[in-house]
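K.L.:
Single-letter residue listing:
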Amino acid sequence: MSQSPSSRRLVVKDLYKTFTTSNGVLPVIDNISFEVSPGEVVTIVGASGSGKTTLLRMIAGLETPDRGSLTLNGHAIIEPGPERAMIFQHFGLMPWLSVLQNVVFGLKTLSISPAEKLERAHEAIGRVGLKGFEDFHPKHLSGGMQQRVGIARALAVRPSVLLCDEPFAAVDAMTRLLMQTDLLGIVTEQHATALLVTHDIEEALYLGDRVLVFSSRPARLIEEIPVRIPKPRKPEIRTSSEFQALRAKVWRLLQEHTK
Amino acid sequence: MTAVADDAAPRRTRPATGTRAISAGILAVILIAWEIAGQAQYVNPFFFSWPSAILQASWKLIANGALAQNLVVTAYAYLVGVFAAIIVGSALGLAMGWWKTFGDIIDPYVVFFSAMPRIALFPILLMVFGISDLSRIIIVFIGVVFPIIFNAYIGAKQTPRLLIDAARVFGYGTNQLFMNVVFPAALPYLIAGVRTGVTLGMIMVVVAEFFGGSSGLGQNIAQSAQLYKTPELYAWLLFTSLLAVVLVKGADRFERWAMRWA
Ligand SMILES: Nc1ncnc2c1ncn2[C@@H]1O[C@H](COP(=O)(O)OP(=O)(O)OP(=O)(O)O)[C@@H](O)[C@H]1O
Ligand SMILES: [Mg+2]
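As you go down the protein sequences, you meet chains A and B in turn.
In this text, residue positions in the first sequence follow the numbering used here: the first is -2, and each later residue adds one.
In this text, residue positions in the second sequence follow the numbering used here: the first is 5, and each later residue adds one.
Here chain A stands alone, though its shape is the one from the complex:
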């Protein structure tokens, strides 16, 4: 792994976030710090409702932290920017736009020519295996296909940081396996940094260079677990004893820190 200067990193430092609701103040993120280097894939596991989506939303610039700092390449993150793209847990596709238009939608604010936008969109659609569905509207696609449109929309931007919120939750097991491997390939190829949230421990270990284990709400970082299995990884590694040992460890940590 190449050691890059810390200015090329995503740095999350002493982050706090609460939501004020009618039932009072809800602490969601409790003093979380970690760093992600360029090209690294970091995965996050944690109980449902712990605050994982909230963390990604803050890094995307959709939400402001109460305290702490978020920097990318040395610059504070205060609003969304084209160097970060997000794949949403619930897709977030525009129902009135076709698959192609939805992918182009993500490129709208980039200063590239319309021809290049189309070219990039077609390329991304091919990548996620939706060639032939360009003119379909989301309603006429399965959940997994819709999620792939969401992935294509994010990839087409060619972000340096890809924020993935349970990108495979809506996909059947077989397709998930294929898409996980695809996403790994794409991320490596585009030299992107990926931060991927998942409920699935195996997925976290299979995709991640490191796994961040979060407690249940308010989310605290319990442990960072490096996954020292060389990449590219084959699906078969999941049965290796090394992988299974890591899996047991993450499972135990989650159990201990989930209320």
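Keep in mind that the hints are not guaranteed to be accurate.
[Stated by the list, open to error] Computed cross-link-like contacts, DSBU-like style, restricted to lysine-lysine with a CA-CA straight-line distance of at most 30 Å:
#	chain 1	residue 1	chain 2	residue 2
1	B	Lys161	A	Lys105
2	B	Lys104	A	Lys105
3	A	Lys256	A	Lys246
4	A	Lys228	A	Lys246
5	B	Lys64	B	Lys253
6	B	Lys161	A	Lys136
7	A	Lys10	A	Lys256
8	A	Lys105	A	Lys128
9	A	Lys10	A	Lys228
10	A	Lys136	B	Lys253
11	A	Lys246	A	Lys128
12	B	Lys161	B	Lys104
[Claimed, not checked] Pairwise CB distance ranges (calculated):
#	chain 1	residue 1	chain 2	residue 2	range
13	B	Ile109	A	Ile75	24 to 32 Å
14	B	Arg264	A	Ser110	28 to 36 Å
15	A	Ser139	B	Leu138	51 to 59 Å
16	B	Met183	A	Glu239	50 to 58 Å
17	A	Gly21	B	Trp103	27 to 35 Å
18	B	Val115	A	Arg5	50 to 58 Å
19	A	Lys128	B	Arg264	20 to 28 Å
20	A	Ser139	B	Met183	28 to 36 Å
21	B	Trp103	A	Lys231	48 to 56 Å
Since the hints were derived computationally from the structure, they do not count as laboratory data.
This structure is a prediction, so every number in the text was calculated from the model and none was measured.
Backbone N, C-alpha and C define an ideal beta-carbon position, used for all residues, glycine too.
Please build the complex by placing chain B with the ligands on the supplied structure of chain A, with the hints as guidance.
P.N.:
Just chain B with the ligands now, with coordinates in the frame of chain A:
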């Protein structure tokens, strides 16, 4: 990777050919019974007339240009009133949905005027503007604008937050967000409002014409009734109904076309 797309379910199924024939059959039976009853004077010809007499009267009104002349008068007030209501209503409703504070301030007024029986305003309007094209246009406008405001307001307000967030992640600013997310998300509601408005506008313009003037479909219905020109009364009623059907069907078509992605 195999990908399977669900078949698009048709939004509205066409009636089977047989049912159309039955509808037509029932109509034929009613018309024939009416004709016989009318000619044999089983019903009071003063009030009810009968199909062949009505058709004759209709044909006369078409041939002598009376229909065309009056249609133009009615269509003018209708179209100007409805278009103005669509433009003003959409703009106001969308603005209310987009700027929450503005919406909260205006909302009680919209609720009040939507609930109010607006026909009750006619005497005041006629008093202020007299019997004129302008007063009829304003009556149509007032009748139509509230459902459009209301729908545009709800439509803009219900824009899913997820869609707004998705657009923001991809760098959309305020104006782009409005044009590319809020407006299209509100469009189905807006179109439903326009559909209601198109039908309501027809009622408004005819009622407005009842109150006075010398021409227009509504005025002819009123005059024929006053003068007991029964076949003509029915002929004007027939024209008005056919026009309403054309408008409703047209609005339906437009809605289906605009909503083909849903
Ligand atoms: N805008 C908001 N206002 C108030 N509370 C919120 C808001 N967004 C999230 N929350 C609350 O914050 C907590 C964390 O939510 P978040 O969506 O980040 O969880 P998560 O870890 O992504 O859960 P899941 O795994 O189920 O997706 C939840 O209790 C949620 O109800
Ligand atoms: Mg979540």
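K.L.:
Decide, hint by hint, whether the structure agrees.
P.N.:
Hints versus structure:
1. Lys161(B) x Lys105(A): holds, 24 Å
2. Lys104(B) x Lys105(A): holds, 26 Å
3. Lys256(A) x Lys246(A): holds, 18 Å
4. Lys228(A) x Lys246(A): Distance ~21 Å between Lys228(A) and Lys246(A) Cα, so the pair holds.
5. Lys64(B) x Lys253(B): holds, 27 Å
6. Lys161(B) x Lys136(A): holds, 22 Å
7. Lys10(A) x Lys256(A): Holds - the C-alpha atoms of Lys256(A) and Lys10(A) are around 25 Å apart, at most 30 Å.
8. Lys105(A) x Lys128(A): Holds, because 21 Å separates the two Cα atoms, which is no more than 30 Å.
9. Lys10(A) x Lys228(A): Answer holds: Lys10(A) to Lys228(A) is near 28 Å, not above 30 Å.
10. Lys136(A) x Lys253(B): Holds. Lys136(A) to Lys253(B) sits at ~26 Å (cutoff 30 Å).
11. Lys246(A) x Lys128(A): violated, 40 Å
12. Lys161(B) x Lys104(B): holds, 8 Å
13. Ile109(B) x Ile75(A): 24 to 32 Å: With Cβ atoms ~31 Å apart, the hint holds.
14. Arg264(B) x Ser110(A): 28 to 36 Å: holds, 29 Å
15. Ser139(A) x Leu138(B): 51 to 59 Å: holds, 56 Å
16. Met183(B) x Glu239(A): 50 to 58 Å: holds, 53 Å
17. Gly21(A) x Trp103(B): 27 to 35 Å: holds, 29 Å
18. Val115(B) x Arg5(A): 50 to 58 Å: holds, 56 Å
19. Lys128(A) x Arg264(B): 20 to 28 Å: The hint (20 to 28 Å, Cβ to Cβ) holds, given that Lys128(A) and Arg264(B) are roughly 23 Å apart.
20. Ser139(A) x Met183(B): 28 to 36 Å: Cβ of Ser139(A) to Cβ of Met183(B): about 30 Å, so the range 28 to 36 Å holds.
21. Trp103(B) x Lys231(A): 48 to 56 Å: holds, 55 Å
The earlier numbered hint that this structure contradicts is number 11, and it is the only one.
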